[in-house]
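Residues 162 to 326 in my numbering are what the sequence shown lists, from first letter to last.
None of these hints come from the bench; they were simulated from the model.
Pair by pair, the computed Cβ-Cβ distance ranges are:
1) A182 <-> D301: 19 to 29 Å
2) S185 <-> Y294: 25 to 35 Å
3) Q189 <-> D266: 44 to 54 Å
4) R261 <-> D301: 44 to 54 Å
5) T176 <-> R261: 54 to 64 Å
6) E188 <-> D266: 42 to 52 Å
7) R268 <-> R314: 35 to 45 Å
8) S185 <-> G319: 19 to 29 Å
In silico SDA-like links for lysine to any residue, alpha-carbon gap of 20 Å or less:
9) K218 <-> E253
10) K237 <-> V215
11) K237 <-> R260
This one's a predicted model, so the numbers in the text were calculated from it and none came from an experiment.
Even for Gly, the Cβ is constructed at its ideal location relative to N, Cα and C.
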Amino acid sequence: MSNVERVVAPDGAATRANDEAIASVEEQFTLLFNRVSVGMRERAAGVHPDLQPVGFKILYSLVRSGPTHSGSLAEKLSTDKSVVSRQVRILEDLGFVERRVDPADRRASYLVATVAAIEKVNEVRASDQQLLYSNLRTWDRGDVEQLAALLSRVNTPGRARGRTR
Numbered sequence: 162m163s164n165v166e167r168v169v170a171p172d173g174a175a176t177r178a179n180d181e182a183i184a185s186v187e188e189q190f191t192l193l194f195n196r197v198s199v200g201m202r203e204r205a206a207g208v209h210p211d212l213q214p215v216g217f218k219i220l221y222s223l224v225r226s227g228p229t230h231s232g233s234l235a236e237k238l239s240t241d242k243s244v245v246s247r248q249v250r251i252l253e254d255l256g257f258v259e260r261r262v263d264p265a266d267r268r269a270s271y272l273v274a275t276v277a278a279i280e281k282v283n284e285v286r287a288s289d290q291q292l293l294y295s296n297l298r299t300w301d302r303g304d305v306e307q308l309a310a311l312l313s314r315v316n317t318p319g320r321a322r323g324r325t326r
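Given only the sequences and the hints, what does the whole structure look like? Please build it.
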């Protein structure tokens, strides 16, 4: 029994055709997620051979978003605080993250990406970005805009299920 046969609703040809299209989307997402996973490992290794993909994810978030409390970072990345704590220690040892006292609450600290981290992250992302842009520049502008809109729908909780709250 195929994945489509397992989940296809039995109530008509139109629903079955739609479910088959959804199964095709699911397959494409699987391929995309596998490519992203490999890319994360490669980016992490490009920053430092000892850096794990989750460490790169943390570091990238700090580079992109700026100083952040570790609890907020764990929540933003949907990662356990203990994982963030271990990875931050590694990133500190590698010279990629510093802790700075929060002036609003001297008991707390912010995590800050170092200049070296910002340079390395930007360096490893540049080739990925160049590949993406060169690929999508061959598409019609409308197709690129449609892709962005559809991905936005998928990435917006509730909207993907037809709710627009």
